[in-house]
Structures are given as C-alpha cells and as structure tokens.
Amino acid sequence: MDRDDKEPETAASSAPAGPVEDASAGLVVPYLESLELASPGEDRIRIDISRPTGPQHAPPVEWAQFRLPAYREGETPGWPRSVLAELIPEPGALGEYLEHLPPGLRLARVLEEIDPADVDDFSLVEVVAAHKRMEAWSAGQAARAAAVLAERDSVNPTWPGDVPGRTRGECVVGQELSMRLRVTKQAAVKMATCGRAFTGMFQPTGELLDRGLIDWPRAQAIVTTLIDLPAEVALAAQWDVLDKAPGRTLRQVREDLAKAVIAVDPDSADHRHIAARQKRCVYHPRPLPDGMAMLSARLPAADAIAMDLALDGAARAAKNAGDSRTLDQLRADSLALIGHTALTLGHIGPGAHLPCPCGCQDRAQDAGPPLDPAAEPQQDAGRRPGVEQARDADAP
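Numbers given in our numbering equal positions in the sequence shown, counted from 1, plus 22.
Treat the hints with care, since some could be wrong.
What the hints assert, rightly or not - In silico lysine-lysine, DSS-like type, Cα no more than 30 Å apart, as pairs: (1) K207 to K341; (2) K301 to K341; (3) K341 to K281; (4) K281 to K266; (5) K281 to K301; (6) K341 to K212; (7) K266 to K154; (8) K341 to K266; (9) K281 to K212; (10) K281 to K154.
Derived from the structure by calculation, the hints contain no laboratory data. Bear in mind that the values here come from a model prediction, so they are computed numbers and not experimental data.
Produce the entire structure from the sequences given, and follow the hints as far as they go.
Below you can see the structure in the form of structure tokens.
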C-alpha cells in the first residue's frame with residue numbers, strides 16, 4: 023500500500039482498465055488493476071494489484087460479430103430490446119443475426135423479446151430455427167441429467183437374492199422419469215442411455231446436439247443404432263455419418279447409418295442379418311380413432327417385399343377388373359382377406375391335407391395327381407443362398 027497526496031476521486035473515476043473472458047460462462051467481465059478507497063481524511067489509500075484476476079483477452083469473435091453488448095455488472099436487463107429495435111426494421115437483418123447464434127442464455131434472452139408478428143418472412147424462418155436449436159440444446163442437457171440420475175443409489179435399489187450372501191438390484195430410472203414426464207419407460211431409459219453415451223464414445227454426437235446442428239431424434243438414432251456394435255465399428259460409422267448429419271432428415275440419417283456400418287465392417291454383415299432376423303415380429307394392432315387400428319410388422323427384407331408384391335398384384339388385378347376402390351383400399355382389403363380366410367378355413371395357406379368346403383380338391387384329383395415338390399430337385403436351383411441359408415440358420 024502507498025499513500026497518494028492527490029485529491030480524492032469518486033468511485034466512477036476508478037474504471038476497469040480492461041476486460042477478462044469468463045470461460046465458464048462465455049461472457050466478458052471487467053478485472054481490476056487497482057482498488058481505490060476513499061478515507062475520511064484528505065489522504066487516499068490505493069491498493070495496487072500486480073496480477074489481474076484473469077487473463078487479458080479480447081471479447082470472443084463469435085460474440086463480437088453479433089454486436090452483443092459486453093457484459094458488465096449492473097448491465098441493463100433490457101439490452102435485447104435495443105438490439106432488436108435496431109435489427110427488426112431492416113428486412114432480413116434479424117435472420118442474419120440469428121442464423122449462426124449458438125444456443126444458450128443469450129439466445130434465449132433474445133428470443134424471449136421477439137414478437138413474431140413484427141418480424142419479416144425471412145427472419146421468421148430463422149426465429150423458428152433458433153427455437154429448434156434451443157430445443158436440441160435443452161434435450162441434450164436433459165439426457166445428461168437423466169444419466170446422472172441413473173447412477174444415484176436412490177434409483178438403484180438392491181434386495182437379498184436367491185443365493186445366500188448375494189443381492190439383486192435393478193435401475194428404476196425409467197419408471198421414475200416415465201411417471202414424471204408422462205412418457206413410456208422405454209423412452210425414459212433411452213434418454214438416460216443417450217445421456218451416458220454423450221459423455222463417452224458418442225461425445226461428438228452430443229456436441230452437435232448441444233450446438234443445435236442436429237435435433238434429438240437424429241442424435242438418438244445415431245446412439246441407439248451404433249451403441250451395441252464393437253467400439254471401433256461404432257466410432258468409424260459415427261464419424262462417417264456426423265459430417266453430413268446436420269443437412270439430413272431422420273430417415274436419411276438412418277439410411278446413412280446402415281450404409282456406414284456395412285462399409286466399415288462388411289465381413290460381419292451376414293451375422294448382423296441373422297441376429298436381426300431373430301427380432302422379426304408382427305406387432306399387435308394399435309388402436310386409432312373412429313374404429314380403426316394400425317398394424318405393423320418387422321420382417322426380413324425378402325419376406326416384406328413378397329408381401330408387398332402380393333398385395334399390390336391383388337389390388338391391381340381387382341382394379342383392372344373394374345373395382346371402384348382405390349389401390350390403397352384394395353391393398354388393405356386384400357391383407358384383411360388373408361386373415362378372414364384363415365379364420366374361416368382354420369389354417370393359413372393352401373392346406374392340401376385338409377378338405378376344401380367348395381369341393382375344388384375333388385375336381386383337381388379328377389384332373390390328375392398333384393406334383394410332389396420333393397420329386398422336383400431342380401427347384402432348389404433357384405434358391406437365394408443369402409436369404410435361404412439365413413432362414414435355415416434360425417429355423418427351430
């Protein structure tokens with residue numbers, strides 16, 4: 023400390039000499055070179071600080087180019103209004119301002135002050151995009167919070183097991199979040215799984231989500247598709263997809279993932295197909311309004327194509343015969359007819375061992391004995407090795 027004989031100065035005269043960047047918040051705050059205290063007497067006490075409270079850096083370029091005011095203590099809360107008052111009257115200016123603004127607290131403050139009715143058409147598109155970036159950023163933060171919750175003891179209860187001295191446990195984070203968020207247990211578990219993945223192997227995907235370059239469905243698709251694959255395959259496929267993911271739709275991202283996995287590890291494609299065939303199923307009807315229902319199935323590609331061609335052929339044949347129904351209606355009715363016919367006859371397919379109610383089998387026997395498929399070895403020549411071998415592999 024030293025004493026200075028100059029006249030006392032007010033607090034305003036000791037202005038900060040320069041800014042310092044707060045890396046944790048991305049804001050610019052002042053640092054102190056000296057602190058001057060006014061004493062009751064004529065003298066003034068001055069405390070020199072040899073080292074500033076932080077590194078001397080210029081404001082970050084990404085903030086400067088958006089003309090955002092430097093943050094100071096006591097900054098007026100209404101600074102977004104002054105910025106918008108300058109941008110909104112000029113057509114397109116607000117859109118250019120928002121286009122590359124990263125999601126976070128400052129973007130939220132700007133969006134809070136925007137009235138869509140006052141914005142031009144071009145800028146309004148960017149307002150919507152900015153809100154979606156905030157939505158993606160928030161989804162990433164929620165997933166990480168769910169992952170932290172999944173590690174807490176309160177959602178991982180244990181109880182005595184069947185073997186003496188051993189305990190059993192279960193993570194109930196899915197049940198906790200599903201009740202609070204009004205979502206399914208599977209959706210809550212996927213959220214926690216993705217949040218944990220964003221802190222590990224899928225950190226690049228999480229970074230794109232935090233920056234709002236991809237939305238939550240695309241980020242979730244990347245994680246859920248690759249998380250069960252070997253680490254080296256998942257990492258390579260992830261990098262291959264992320265380069266173009268910001269400009270792709272959800273369906274295109276799924277297609278890109280399938281292509282990337284095959285390109286990275288073609289030798290395991292057959293094994294992955296056999297494993298995927300084990301998950302084939304037809305889902306039970308999902309009720310829809312007005313007495314309708316949704317029926318869907320997970321099938322091998324060859325079987326799905328065969329079903330589609332059969333329905334399309336039946337629909338077009340009926341249409342060519344003069345049926346007034348649309349092709350979509352005829353396809354749906356053809357599929358329903360398969361079920362109704364099976365319920366009426368009691369079996370699916372020709373059922374040569376069962377008598378037909380219409381007597382057509384008697385007329386067929388008069389024409390000659392049916393061909394025995396076992397006596398036709400040449401029909402195996404047309405079998406598709408990839409599909410049929412996989413089908414035989416998982417046959418019971």
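Evaluation of the provided hints:
As the CA atoms of K207 and K341 are separated by approximately 45 Å, the hinted pair breaks the 30 Å bound. Straight-line distance between C-alpha atoms of K301 and K341 comes to about 36 Å, which puts the hinted pair past the 30 Å bound. Between K341 and K281, the direct Cα distance comes to roughly 38 Å. Violation of the 30 Å bound is thereby established for this hinted pair. Distance restraint check for K281 and K266: the Cα-Cα separation of roughly 13 Å lies within the 30 Å cut-off, and the hinted pair is therefore satisfied.
With a C-alpha separation of about 20 Å, the suggested pair K281 and K301 falls inside the 30 Å cut-off, and the hint holds. Only pairs whose Cα atoms come within 30 Å are accepted, and K341 paired with K212 is rejected, the gap being roughly 45 Å. Distance hint between K266 and K154 is fulfilled; the C-alpha atoms sit about 18 Å from each other, no more than 30 Å. In summary, the hint linking K341 to K266 is not supported, as the alpha carbons are separated by about 43 Å, beyond the 30 Å threshold.
Taking the CA atoms of K281 and K212, the gap is near 23 Å; set against the 30 Å cutoff, the hint holds. Distance check on the hinted pair: K281 and K154 sit about 28 Å apart at the alpha-carbon level, within 30 Å; holds.
Hint compliance for this structure: hints 1, 2, 3, 6 and 8 are broken, all remaining hints hold.
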